[in-house]
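Residue-level listing of the chains:
Protein chains: 2
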Amino acid sequence: MTKSPMTFNNKLDLTFERIVDVPPHLVWRAWTEPELMKQWFCPLPWKTIHADVDVRPGGKFHTIMQSPEGHEHAGTGCYLETVKNERIVWTNALLPGFRPALANAPCGEDTEFMFTAMVEMSPHGENGTRYRATVIHADEAGAKKHADMGFEGGWGTALDQLVAMVKRGI
Amino acid sequence: MTKSPMTFNNKLDLTFERIVDVPPHLVWRAWTEPELMKQWFCPLPWKTIHADVDVRPGGKFHTIMQSPEGHEHAGTGCYLETVKNERIVWTNALLPGFRPALANAPCGEDTEFMFTAMVEMSPHGENGTRYRATVIHADEAGAKKHADMGFEGGWGTALDQLVAMVKRGI
Numbered sequence: 014m015t016k017s018p019m020t021f022n023n024k025l026d027l028t029f030e031r032i033v034d035v036p037p038h039l040v041w042r043a044w045t046e047p048e049l050m051k052q053w054f055c056p057l058p059w060k061t062i063h064a065d066v067d068v069r070p071g072g073k074f075h076t077i078m079q080s081p082e083g084h085e086h087a088g089t090g091c092y093l094e095t096v097k098n099e100r101i102v103w104t105n106a107l108l109p110g111f112r113p114a115l116a117n118a119p120c121g122e123d124t125e126f127m128f129t130a131m132v133e134m135s136p137h138g139e140n141g142t143r144y145r146a147t148v149i150h151a152d153e154a155g156a157k158k159h160a161d162m163g164f165e166g167g168w169g170t171a172l173d174q175l176v177a178m179v180k181r182g183i
Numbered sequence: 014m015t016k017s018p019m020t021f022n023n024k025l026d027l028t029f030e031r032i033v034d035v036p037p038h039l040v041w042r043a044w045t046e047p048e049l050m051k052q053w054f055c056p057l058p059w060k061t062i063h064a065d066v067d068v069r070p071g072g073k074f075h076t077i078m079q080s081p082e083g084h085e086h087a088g089t090g091c092y093l094e095t096v097k098n099e100r101i102v103w104t105n106a107l108l109p110g111f112r113p114a115l116a117n118a119p120c121g122e123d124t125e126f127m128f129t130a131m132v133e134m135s136p137h138g139e140n141g142t143r144y145r146a147t148v149i150h151a152d153e154a155g156a157k158k159h160a161d162m163g164f165e166g167g168w169g170t171a172l173d174q175l176v177a178m179v180k181r182g183i
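So the sequence lines, in the order shown, correspond to chains A and B. Heads up: the first sequence runs through residues 14 to 183, numbered per the numbering used here. Heads up: the second sequence runs through residues 14 to 183, numbered per the numbering used here.
There are no misleading hints in this set.
Pulled from the structure, derived: some chain A residues nowhere near chain B, Cβ distances all over 12 angstroms:
| id | residue |
| --- | --- |
| 1 | Lys51 |
| 2 | Glu85 |
| 3 | Arg143 |
| 4 | Gly169 |
Subject to a maximum C-alpha distance of 20 angstroms in a straight line, what follows is the list of computed SDA-like cross-link-like pairs (lysine to any residue):
| id | chain 1 | residue 1 | chain 2 | residue 2 |
| --- | --- | --- | --- | --- |
| 5 | B | Lys158 | A | Ala114 |
| 6 | A | Lys24 | B | Ala116 |
| 7 | B | Lys158 | A | Ala116 |
| 8 | A | Lys180 | A | Glu139 |
| 9 | B | Lys180 | B | Ser135 |
| 10 | A | Lys73 | A | Asn98 |
| 11 | B | Lys73 | A | Leu25 |
| 12 | A | Lys73 | B | Phe21 |
| 13 | B | Lys97 | B | Glu139 |
| 14 | B | Lys16 | A | Val96 |
| 15 | B | Lys97 | A | Glu94 |
| 16 | A | Lys158 | B | Ala118 |
| 17 | B | Lys73 | A | Asp152 |
| 18 | B | Lys16 | A | Thr95 |
| 19 | A | Lys157 | B | Ala116 |
| 20 | B | Lys73 | A | Pro18 |
| 21 | A | Lys24 | B | Gly110 |
| 22 | A | Lys24 | B | Asn117 |
| 23 | A | Lys16 | B | Arg69 |
Just so you know, the hints here were simulated from the structure itself, not pulled from any lab data. Just so you know, even glycine gets a beta-carbon here, dropped at the ideal spot from N, CA and C.
In isolation and in its complexed conformation, chain A is listed as follows (with noise of 0.2 angstroms):
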């Protein structure tokens, strides 16, 4: 399948990739499946409470994590492209549907930064995946956000809590 022309900007940008030793199907698995989601989608001491998810361009992604002291943190957003076993990608910038998601705000306010995120995952050797996980962001004021709030090592230990639970049996 054509892949949709991304490009990247190490500015803008972040990104990781790792080798795990569990097969792509699933990690699609893992990553598409509520109930899988649920288990291993942000790192602990923080669960996923909920997932809803409808994977096709347009449709809907959406999230509660909740922190330790039960504060809960939803996300929603909007799948743009999906390719069983090799790709996920999805924003923040549109609910399902493709709705934009922002309109105007009041001046000043801290309002939730704009990304849109790309997850790939390919055959390595005879039964792992190469794993590469990036979002790009509008501005280097995003990226930063999106750095100093733990990008690579969230989804580090997010990814290995993934491999953990494949390894346990899904």
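Given the coordinates of chain A, work out where chain B should sit on it, guided by the hints.
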């Protein structure tokens, strides 16, 4: 082809539908070939002086319109869904390659409002097209601003220009 799951809300969205007497495949060409787009895309006496499009999800949608006084207005967006001779969806909330256009919610009232637009064409009778244009917004203010700019009149006049161009022969 399965269409994406778009839903509409009459408080947030604007739409108009017309029957035109040129066939869908020529409407599609008028919407997707830059040299044709430049001939009809904005209502006279404004002109479309530049069009650069890459008609696939993630591809560039870029036009420059020029006022009678010579002022230029550039529009850049990203295609989300393209189904030949049937449907074109794009947004200005994302730049080409699905990059978010804005870092945060814009503050104040003069910022460009975000929209996702859809043009649908289907056969009507032997040689006609049922043509529908829809723009969806994040909030009622965006829809009102678009309506006040003359959405239906502007898109309708552009459609008249498209039909006239096709009848002259393309």
